[in-house]
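Asks: Chain by chain, the residues run as shown.
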Amino acid sequence: MTDTYLNLVNAQPLSRIAKAAGLPRPVPLRRYAPDAPLVPGPVLVLGRSRSTQDMAATLLEWNLDVRRHLRPKEKFGAAVVVLDDLAHPGELSEVFLELGHGLRNLLPGGRIVTISRPVTSEISPQTAAARQAVDGTLRSLAKELRGGATANGILLGEGVNTGAPSVRGTLEFLLSGKSAYVDGQFIAVGSDHGAPPRSAELPLAGRTAVVTGAARGIGAEIVRVLRRDGAHIIAVDVPAAGEQLAQVANHAGGTALQVDVTAPDAAERILRHAATRYGGLDIMVHNAGITRDRLLANMDQARWSSVLAVNVESQLRINEKLLSSDHFNSNGSIVCLASTSGIAGNRGQTNYAASKAGVIGMVRATADALVGSGRTINAVAPGFIETDMTARIPFATREVARRLSSLQQGGLPLDVAEAVSFLASTNAAGINGQVLRVCGQNLVGA
Amino acid sequence: MDRRFDAPPKLPTLYAAALARQARNALRRPAPADLLPTERHRVDNITATQEKLDAFQRLMGRPQAEFLPSGYLHTLAFPVAVSVLARPDFPLPLLGMIHLSNEIHHLRPISLSERLSVTAWVENLLPHRSGTQVDVLVDIETDSESVWRGRSTYLAKGVKANGPVGTALPSAGDRQPEQLPEYHTRQWALASDIGRRYASVSGDYNPIHLSGISARASGMKRPIAHGMYLASRMAAEMGPGDATPFRWTVEFRAPVTLPSRVFLSAGMDRSVTAQWQGAEVTAWDPRRRRKHFSGRMERLGDSAGEE
Amino acid sequence: MSTLPDQQNAAPQSSSGQRGARSAVVIGGNRIPFARSGGPYAQASNQEMLTAALDGLVARFGLQGERVGEVAAGAVLKHSRDFNLTREAVLGSALAADTPAYDVQQACATGLETVIGLSNKIKLGQIESGIAGGVDSASDAPVAVSEGLRRVLLELARARSTPQKLAALRKLRPVDLKPNAPTTAEPRTGLSMGEHQAITTSRWNISRRAQDELALASHANMAAAYDRGFFDDLVTPFRGVSRDGNLRADTSLEKLGSLKPVFGRNLTGEATMTAGNSTPLTDGAAAVLLGSEDYARKHNLPMLANVVDAEAAAVDFVHGKEGLLMAPVYAMPRLLQRNDMTFEDFDFFEIHEAFASTVLSSLAAWEDEDFCRTQLGLSGALGTVDRTKLNVNGSSLAAGHPFAATGARIVASLAKSLAEKGSGRGLISVCAAGGQGVVAILEARRP
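Residue numbers (the numbering used here), protein chains in the order written: chain A, 1 to 446; chain B, 1 to 307; chain C, 1 to 447.
Source of the hints: derived by calculation from the structure; they are not laboratory data. We put the CB at the ideal spot given by N, CA and C, even for glycine. Treat the hints with care, since some could be wrong.
[What the hints assert, rightly or not] A short, non-exhaustive set of chain A residues, derived as facing chain C with CB atoms under 8 Å:
(1) P239
(2) A240
(3) A246
With the rest of the complex left out, here is chain A (with noise of 0.2 Å):
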């Protein structure tokens, strides 16, 4: 789906036209490409904290050039912010003052990102209220960035330091351009599982993948992004989707299993799949899903039940089979697309909305058991996606979808597969029970 706008305004006449009358102006996102850098010019490291030497030297190794302060004029590609042991909401003058004389300078499509930890019940209100002063002002400032740029957070759960795997993988991820359209939100690293992986380039080689739903669109780009990075790929659907999937198993050097999730032995059939023609499983992605759009005025028992079947109660039941096999890995990841409806609510969704968030509590609690084991799960939230199914939107309300993210535009499947793959890869061993949206911060839902 071509984004007719975008396109428009982006061309040099038009261009200064949107630009005088206020218009939104979105831009092409940057986006992951093998060879280029991680971020488009210096990183500026701001903070106070011992952790930001270390994060400095972090990204020194990346072969990154680090800044610890503003030069003027210069130009940067990204700035972490490390407020890991802020105790007071005073303390986050000095650091967001510093960052905000810069903004200017900072490249289309730079990337903000914050480190500090999240509320909980033992700390003092002082704390907390720092700490949640992080999370208001990230997502305002995601809001002020033009051109591209993100602002995200990532909090460090109890006892994980900015060192943790999971925590240098994440930010990795961020100042990425796997992370286009992941903006205003935060990741929590709640463990220090997890390990660097062998291959920067091919971050899942080894891993055996299953992408559910895998026959087209998010699903099929899902496959790519996952062959991309490494992994095997058993591409599944339904028998009826089968040309198709078999195309994208060929395209993926991967095997195609025509299997309905809905199906009472379907865990049974991918693991045996699984075990014999790879040895066993380590991603599991949750991506099939249907949409039976009704205001529930005009429900009926049919388009509400299948979705629930679908989306969510295939899940749980494979997840439940998934979870007791020893075929499915010891540091094996689930990933569950889940939606922004799921989360925010969307008109005529009812039964789309109870299967996502279902989902989503789905994730959370799942997560709650897996905690120590090795094992995680996840959930992705997209939201405005431009696949087949958005082109089908009106028009005009596709168009004011598209616009009201800070990206001010719709995503792309791409963007989608790289938050699942992120999540699926040993970087993120230490996320688990997140929900990561890929909405562009969309007003719909945060």
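On the provided structure of chain A, position chains B and C as indicated by the hints.
Replies: Relative to chain A, chains B and C alone:
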């Protein structure tokens, strides 16, 4: 006794002469026919042409032939035979004669390049229940060796001849229920143009074979297939298929109107692996269950040429 | 650590002449759904359908970019431009371009013959893996120009000068412009397959009711197999079709009984063969992945069944000595004898349903003591096929019959049935035009 011609007579000319003669005779009461011309007509130096042979083989649905097929030899000899029937002293009307049966001895393989002499004459003028029958005999020789001999029996309906009534053949009007094989082993789907196609290959442009209009002009409801087309196809499809000498006979019954579907049953005296020994063929109309013809073919040994 | 010799893990070798050869195993299969001629695949060529069947197989078993030992397939109705049909399909598929391929044509037995040929190569150690298959399109069938036009065109191509060209063109007659539509008639008898079978049906006194019952069972069995997901890993959709178009899950004896006979109407007895108990002209393609045990193990591929042995036969239908489609009846005792087996040794029978009456005539012949004595040279009846073991997942009456594709469909389905059961043997019987027939034995792998 033999009257030699330098070249094969042209069939259209013979038909035209015969037609004119019949038209003159139609005004008179037909005289009893009792005497046959004894002169034999002979044409030397007849050779087949590759083009005509190929056309014949295509019509039969067979591949290019190394040796001349039995049915094709009949078409080579046919003009000479007709020239006898078209003689003013031949007592029966040429046009409208019905082909009753055929017997051919094909004594040895004949290649395309051989120079052939064809001799034709008539014999056995006999009364028949429906008229008068006569045998037309043909002998094909190369270097004075007889290699192919044919006897065709024709019926002139409504013409009286003196002598005892022949009983060898039942009349065409015989309505006795016919014994037909229980199952067919092959079928022929004969298109409406099959008469014209055989005419173009054989030169036998008898109007009853050509089209609905020409057939009606000759008193038939629909055109009918040439008897020799059916017989030649039988020999081509179910005959020895190689250079094996063989004798074959056909007895024609109900004519095959065109277009039509013909069922055939070929009881083959041969096991799958053994040499061809012969075949008994019955052809019939599957709807009306009326026999079109029966045929018999048999392998000839080295001495089989003797009669 | 195991001290058992490897032989213990393999299924036992048959007692055929292949003792000592290694096993050829069926790894799996794939086909596109079969569709009635002139339907959804009307615009699809043989090459496209075969490529789709191969690509689905590649996707199922992750063979992308792999050099398979050999691919053998064929089509019965084949365009002259498709002289290298299988190789062209391989080149268009996700298989490695250096995978060799060859075409086979044995009428309706093509698919089964490709399985046998490649299995034998595997047993001999000539190849490690192979893909056998077939395809046919009755929709995209070749239409030949008339013989007259063909000759004129050839002469025109040879002509050097304009007068020569004009001379060639002058030979053209209006009737030559009529194309020759393809037929399924036997060249030597002019009878279509159905007309031939009608004679056999009448000879064996096969009743209309028995034929309709067999057709009904085929539809019911195949519909049930679809419902339980049996075909989920055997069929890959094509052009929006995900189930065999000919399948009628809701048919009944009443519906089948209301159809008018289409074959045998010119015979003396009652005509019993209808469009319901005969297979329609069908488009489709199917493929089977075969390999050595080594190959399967190295690639972590499943082993569904062993290809044990096969036998071909032909009958003299031209002279009416035997029915056109009765050759498998003759092949069967030879195959069973060589392997020292009887019908009792089998758990599944896959008898290709060219017509319901073909199956029933074969069964009747094997049960007929006199026939078995005089025609098959046996001391008594060959035996009775347990009908509850016959075509348990449906056969050609339900699926349809794209001639060359049927063998691969049957082999893949039977191999899967054997793998599901985990033991036992299956017998395949396929009749073919030209009075030919091929029968084969598959054997389950020991778990």
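Asks: Could you tell me which of the hints above the structure violates, numbers in ascending order?
Replies: none
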